[in-house]
Amino acid sequence: MEDFEFINAMVLLANFVIVPALSYGSQLALATLSLTIIYGVLRFSNFAQADWMSFGTMATILFTWLFQSAGISAGILPTALLALPFAIIVTALFCLLIDRSVYSFYRKQKSQPIVLMIVSVGVMFILQAVVRFIIGPNDRKFFDGEKYIVHALDFKNYFGLEEGLTIKSTQLITVVVALVAMISLFYFLQKTKLGKSMRAYSNNEDLALLSGINPEKIVIVTWIISSILITTAGVLYGLDKSFKPFTYFNLLLPMFAAAIVGGIGSPIGAVIGGYVIAFSEITLTYAYKKFFVYLLPESLEPSGLMQVLSTDYKFAISFIILVIVLIVRPTGIVRGKII
Amino acid sequence: MTKFLSCTNMTGGYGGEDIIHGCDIEVDRNQIVVIVGPNGAGKSTAMKAMLGMISLKEGSLILDSSDISKLTPQDRVAAGIAFVPQTMNIFSELTVEENLEMGAFLREDSVKETIEEIYNLFPAMKDKRNQLAGELSGGQRQQVAVSRALMTRPKVLMLDEPTAGVSPIVMKEIFERIITIKNSGVAIVIVEQNAKQALNIADFGYVLVGGENKFSGEGQALLNNQEVRKSFLGG
Amino acid sequence: MNDELRAPIAFAIMGILLAIVGFTQSWSVSLSVINLCIISSIMAIGVNLQWGYGGLFNAGVMGFTALGGLTAVLVSHDPIYEAWDKAGVGIVISTIIFVLSITALLFVFRNIENKQIRNTLIILIIVFGLIGINNFYGPSIDIIESINPAKTGFLGGLGLPIIFSWLIAAVVAGLVAWVIGKITLRLRSDYLAIATLGISEIVIAVVKHEDWLSRGVKNVSGLDRPVPYEIELQQSEWFLNLIERINFSKLEAIQSLSSRQDLLNDLVIDSSGIFVKLCYAGLFFSVLLLIFYLSQLALNSPWGRMLRAIRDNEEAASAMGKNIFAQHLQIFIIGSAIIGIAGAMLTTLDGQFTPGSYRPLRFTFIIWLMVIIGGSGNNLGSIFGGFFIWFIWIEAEPLSIGFMNMLAGGLEYDNPLRMHLLGSAAHLRLFIMGLLLLLALRFMPKGVIPEKIQKK
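Taken in sequence, the protein lines are chains A, B and C. Taking this note's numbering as reference, the numbering of the first sequence is continuous, increasing by one, and the terminal residue is 339. Taking this note's numbering as reference, the numbering of the second sequence is continuous, increasing by one, and the terminal residue is 235. Taking this note's numbering as reference, the numbering of the third sequence is continuous, increasing by one, and the terminal residue is 456.
To be clear, the hints were calculated from the coordinates, so they are not data collected in a lab. Backbone N, C-alpha and C define an ideal beta-carbon position, used for all residues, glycine too. There's no promise every hint is true.
Cβ-Cβ distance ranges computed for the label pairs, FRET-style [as the list claims (entries may be wrong)]:
| id | chain 1 | residue 1 | chain 2 | residue 2 | range |
| --- | --- | --- | --- | --- | --- |
| 1 | A | R329 | B | K172 | 53 to 59 angstroms |
| 2 | C | M444 | A | P113 | 19 to 25 angstroms |
| 3 | A | A287 | C | S26 | 50 to 56 angstroms |
| 4 | A | Q307 | C | L100 | 55 to 61 angstroms |
| 5 | B | S167 | C | N323 | 33 to 39 angstroms |
| 6 | C | L5 | B | E212 | 46 to 52 angstroms |
| 7 | C | G356 | B | T72 | 51 to 57 angstroms |
| 8 | B | S66 | A | P113 | 55 to 61 angstroms |
| 9 | A | I76 | C | S357 | 55 to 61 angstroms |
| 10 | C | N114 | A | I76 | 53 to 59 angstroms |
| 11 | C | P139 | A | I72 | 56 to 62 angstroms |
| 12 | C | V89 | A | L305 | 31 to 37 angstroms |
Derived BS3-like pairs (lysine-lysine); straight-line CA-CA distance at most 25 angstroms [claimed, not checked]:
| id | chain 1 | residue 1 | chain 2 | residue 2 |
| --- | --- | --- | --- | --- |
| 13 | B | K70 | B | K57 |
| 14 | B | K126 | A | K193 |
| 15 | B | K230 | B | K172 |
| 16 | A | K193 | B | K112 |
| 17 | B | K230 | B | K182 |
| 18 | B | K57 | B | K214 |
| 19 | C | K151 | C | K208 |
| 20 | B | K70 | A | K108 |
| 21 | B | K214 | B | K230 |
| 22 | C | K208 | A | K244 |
| 23 | B | K172 | B | K128 |
| 24 | C | K208 | A | K314 |
| 25 | A | K191 | A | K217 |
| 26 | A | K110 | B | K57 |
| 27 | A | K244 | A | K314 |
| 28 | A | K191 | A | K168 |
| 29 | B | K128 | A | K193 |
| 30 | A | K108 | B | K128 |
| 31 | C | K446 | A | K110 |
| 32 | B | K182 | B | K196 |
| 33 | C | K446 | A | K108 |
| 34 | A | K168 | A | K217 |
| 35 | B | K182 | A | K217 |
| 36 | A | K168 | A | K241 |
| 37 | B | K70 | A | K110 |
| 38 | A | K191 | B | K172 |
| 39 | A | K141 | A | K244 |
| 40 | C | K182 | C | K322 |
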C-alpha cells in the first residue's frame, strides 16, 4: 500500500475539507449575495437577513410537508426543491409587506443608514418570533430522496484505498443550484436593462432618478432577488445539515464577514468572500494529523492533532478574518461598495 | 410669442427662506442661454426649480406651450428636459455604453441610432465604450455626462457648471460640443462660473444677484456692458 | 406634554407597575425584577454614553457583560492551588509567548517597510508562535481540566471578596474596549456594529470553550455573596427580633403559642429572602446613582459638550482640529467599562457564571431597545428604558400565556392547536420587543424622555 499514501492523503483532504467547504461556501455565497445586494441598493446593513433565511426555509419546510402529505415527490431529489419556488413567493411577498409597512417610511425620510440598520434589528425580533411561533425553535430535518452519490465504503472497495470519499447528494445539489443562481444573477445584473438600472441606482441614486429610473420598482426587484437568494441558501444549508432558527441566526456573522471580506456591495466579492470564509473555517479547524501520517515518513509523524484552531472556534474564525481584513484592506478583496 | 421654455416669476427655496425671488428665465430652440452671477446668487437653485427638484411657491413653467409646473423631475425628463448635474453626473461603476443606455432608460424604441449619433459627436466615447466611466479622465467624464443626458433626445438641455475643474483646453472643447448640440435644434441652459467664456458662446445671458434677475441681454451685449464687466467679470 | 414632566410621570408609572407586581404576585418577585432592572439600567447608561452621546453603535454589549461576569469569577473564586502547582507554569509561559507574538506582529507590521520581508516575518511569527503555544498550552490545560473536573477543573480565581470584581470588571472591560476600539473605531458606523458584534461572539466563544479559565459550559456556581445568606439571617437573634417587632400586632392577635411560633417562622423565612434582595437592591442602586451622577458630571463638562459637537457634526468638529478618534476611543472605553461593571453585578446577583446563557438578543439587542425607547442621549431615559423594557421582558411571558389561553379558550384541553399556541407563547415576547422597537422608532424616535437640547 506504500505507493497509495499520497492518494490516500488527497482523498482524505477531499473528503473532510474540500467537498464540505465547497458546499458550505456555495450556501454562504448565496446568502452573502442577498445581504450585499440589499446593502448595495437599499444602502443599509440588514441585521434581519439571517432571519429571512430562517423564514424562507421554514416556508419551504411547510410546503414540503404539504407535498409529502399529498404524495407528491421529486423522485431521487428532495421534495424541498419542488417546494422552493412556492416558498420564495411567500418570502418575497412578506419581504415586500415589511418593506411597505416599515422600511419605506425611513427611505422617504432619507434616514441615515444606521437608522435603517436599527430598524432591521426590530424586524429581526419580529421574524424570530414569527418563525419560532410557527415552526418552533427545534432542530428539523426535511431531507428526503437519495442520500449519497458516492459512498465512502463503495469508494474504498472500488479503488482499493484506505480512505473513502463521500459525496452527499445535497452537496452536489448545493453546488449546482448555487452555480445556476449565481450565473443567472450575474446575467441579470450585467445584461438586462432592469439589472443595469439596478446597478445604476446603486451607483448614483440621484442620477438614476434624473434618468427616469423608478426607485420603487428597483426596491421591489431588490427584495425579490434577495428573497430568491436567501431562501435558496437557507434551503440548501438545511438540506445539507438541518434547520434550526438559532443556528441560522448565527450565520449572520459569517455572512457579514464574507460580505466585508469580499468587498461589501460587490456581488463578485460576495461570492469570493463566501468561499474564503467557508474554506478558512474548515481548513483552520481540521486536524491534519492523519493527513501528515500518510505523507511523512514514520520518524517525522506528528504527535499532536496538527490543528490550527479547535473546532470550538469555527465561527470565531470568520471574525478573526474580518478583523484582519478591516485592518489591512477595509474595502475588501474586490473594492466594494456598489453592485 | 412666448419662448420654447419660459419660466416666469419663480420664487422659492429649500423650505427655509426663499433663495430666488421672482426669477425669469426663457430659452428657445437653437439657443444657448447662460446664467451667471456671484456665489450664492441662486443660479443653481433657479436651475433646480426649472427641473422640479425644489418646489416653488410661485411662478409658472411653460414648455412648448404646456404647463409643466406641477410635474415631478421624472416626468419633466419624459417631457423633454435633460439635466447634467455639476458633480456625480455619471454612473462611475458602469461602462460608458451602459451610461448611455441608462440615459435612455425611459425610451421604449431602439436606442442604437442615438448611441451612434453620440459616438459621432464624441468620437472618444466610442473607443472607451466598454470602459468603466469612473476610470476616464475629467474631460471624458464630462463628455459621458453630457452624452447620458442627450440619450433621451431632449428638447431642453440644462448643464450645471459643465466646465468646473477642467483645463482651459477641455473647456474650449466642451463649449464647442455644446454649440454643435445647439445647432441640432436643442434649447440649452447653462449655469456657469467661467462667466466670460460662457457668455462668449451665449445667445442670451442672465445675471442673477440675490436671487433676482439683475441684468439680461444678448451674450455679447452683456460682455460689453460696463457695469456687468466691473461687478462680475473682473474688469 | 411638558417635557419637564415626562421623566417624573414615566418613573411614577414604572413605580406603579412594580407595585402591582408586588401586590398581585409577590414582593419577592417584584424585588427580583427591580434588581435586574437596575442592572439593565446601568448597561443602558453604558450603551447610551456610546450611542446617545458618542454616536457609536456598539453591538458587542454581550461581550462586555460576559467579561464582567468572568471577572467576578476570577476575582472571587478561591484559587485552585493544585492546578497552579501542576500546570500554572505552562499557562504562564504560553501567555507570555502569546503576548510576545502579538507584540512582535505589531512591531513588524508598523516598522518593516519592505513587503516581502514583512510578510515572511509575519508568517514566521505566527507559525512559531502557534508551535510554541501549542507545546505548553495543550498539555497544561489537559492537566488543569483533569484536576477534580466535577467540581473545579480550572485555575480558580484570586479569592477576594466579590464586590472588588465590580471595579476590576470596569478595568478589564475598559482594557478590552481599548484594544477593540483601536481596531474598529476608524470604521464607518455600520462596520463598527458588525465588528463589535463579531468580537463579542469571540469573547463568548473563549469563555465557553476555555475550560481552564472559566470552566466553560460546566458553569461556575456558588460564588461568594456581598450580602448575608438567608439561612444565616434566619438564625440570627437581631433579625428574629426585628421581624417580631415589625409584625407585632399580627402576632399578638394569635392566641395559641404554637401557631404564633409557626407564623413567626413563616414570616422569618419570607422576610429573609426579601431582606437579601433589599440588600442587593441597595447596593445596586448606590452603584446606579454613582454612575448616573458621574456620567451627568462628565457630559456637562467641556469634554461632554465636545463629544456631542462631534456626534452632531463630525466634519465641522474635525475641521476645528478636534481629534475625533481619541474622543471616540475615550467614550467607547468608558461605556464598555460601565457595561463590564453591570456584567459583574449580574453574575454576583446570580451567584453563578453560565457562559452558555449569553445570547446576543438578551444581552445586546434588548439593551439597545432600552436606550432607544428610553431616549437616546438622556441618561435618565436610559434608566427608565432599563426598568421598562426589563419589566416587559419578564412580564411578557405570563401575559403571553394568558393571551394564548384566551385565544385557545374554546378548545379542548388536548387540542393540538391549543397545545401549539400555549407552547409558543414564550416567543411572543420577541414579537412584543420587535414591535416596541419599530413603533418607538416610527412614532417616538426621540424616546420617552428625550435628550435635552442644550441652549447656549
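Requested in this report: Hint by hint, work out which the structure violates, then give me just those numbers in ascending order.
Outcome: Structure breaks hints 1, 4, 8, 9, 12, 17, 28, 30, 34, 35 and 38.
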